[in-house]
Amino acid sequence: GAGVSQSPSNKVTEKGKDVELRCDPISGHTALYWYRQSLGQGLEFLIYFQGNSAPDKSGLPSDRFSAERTGGSVSTLTIQRTQQEDSAVYLCASSLPRLGSSDEQYFGPGTRLTVT
Amino acid sequence: QQQVKQSPQSLIVQKGGISIINCAYENTAFDYFPWYQQFPGKGPALLIAIRPDVSEKKEGRFTISFNKSAKQFSLHIMDSQPGDSATYFCAASMGYSSASKIIFGSGTRLSIRP
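Protein sequence lines, in the order shown, are assigned to chains A and B.
If you're matching positions, the first sequence starts at 1 in this note's numbering and goes up one per residue.
If you're matching positions, the second sequence starts at 1001 in this note's numbering and goes up one per residue.
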């Protein structure tokens, strides 16, 4: 079946512009996560959504970052007034958490963001 | 408290040899320890995972050894093959029976020489 998909695969933007990154999770997965992978910082958690619960935003680095998940499926990560340090690969993952089972997260291919 | 420390940063192993990557954690609330494999240009893919009530888990050539008292765990790749060349991340989460963010180690770039 289809895995997690992300678009665009690459995005180049000028400093100060806003960008939107899209994630389509695996159908039926109730949890959706955003991570960022950058040189020197490794993989870091940004935000996750689980069902109808309030999202865990504890990893967002600044108020320029926000995310929403519409209809419990597709998610958009928005970065306002982009800065050069925002350049990274943004990864989305989804899972189906179940009682008595581990939360196996499946990752998409990522969006490579370059801020010039 | 939330960190997962991983070593070595890079590793070169001859084909057929054993690759060993080590990790350590601090937060005893973690209850799920996955390992991810990542190839260039791809997202991480779950390789193998373990819970802290088990000391060892083996899947094919891949084995996790877990030492709960020392708060350490390691990945062993037996009979390493050139196709195993990738970046490996250890990780920890409270993701058993619930959604939870993953805390990743810094990664190990593994190269298998033919």
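Mixed in with the good hints there might be a few duds.
[Said to hold, decoys possible] Label pairs and their computed distance ranges (CB to CB):
1) B:Ser-1069 / A:Pro-61: 45 to 51 Å
2) B:Asp-1053 / A:Gln-84: 43 to 49 Å
3) B:Ser-1069 / A:Asn-10: 30 to 36 Å
4) A:Glu-44 / B:Val-1054: 23 to 29 Å
5) B:Ile-1012 / A:Arg-81: 26 to 32 Å
6) A:Thr-70 / B:Val-1054: 35 to 41 Å
7) A:Lys-15 / B:His-1076: 43 to 49 Å
The set of hints was computed from the structure by calculation and includes no laboratory data.
Treat the numbers as computed from the prediction; the structure is a model and nothing was measured.
Note that beta-carbon positions come from the ideal geometry of N, C-alpha and C, so glycine has one too.
Structure-based check of all given hints:
no., hint, in the structure
1, B:Ser-1069 / A:Pro-61: 45 to 51 Å, "35 Å, violated"
2, B:Asp-1053 / A:Gln-84: 43 to 49 Å, "45 Å, holds"
3, B:Ser-1069 / A:Asn-10: 30 to 36 Å, "46 Å, violated"
4, A:Glu-44 / B:Val-1054: 23 to 29 Å, "28 Å, holds"
5, B:Ile-1012 / A:Arg-81: 26 to 32 Å, "43 Å, violated"
6, A:Thr-70 / B:Val-1054: 35 to 41 Å, "39 Å, holds"
7, A:Lys-15 / B:His-1076: 43 to 49 Å, "45 Å, holds"
In the structure shown, a violation is registered for the earlier hints numbered 1, 3, 5, in ascending order.
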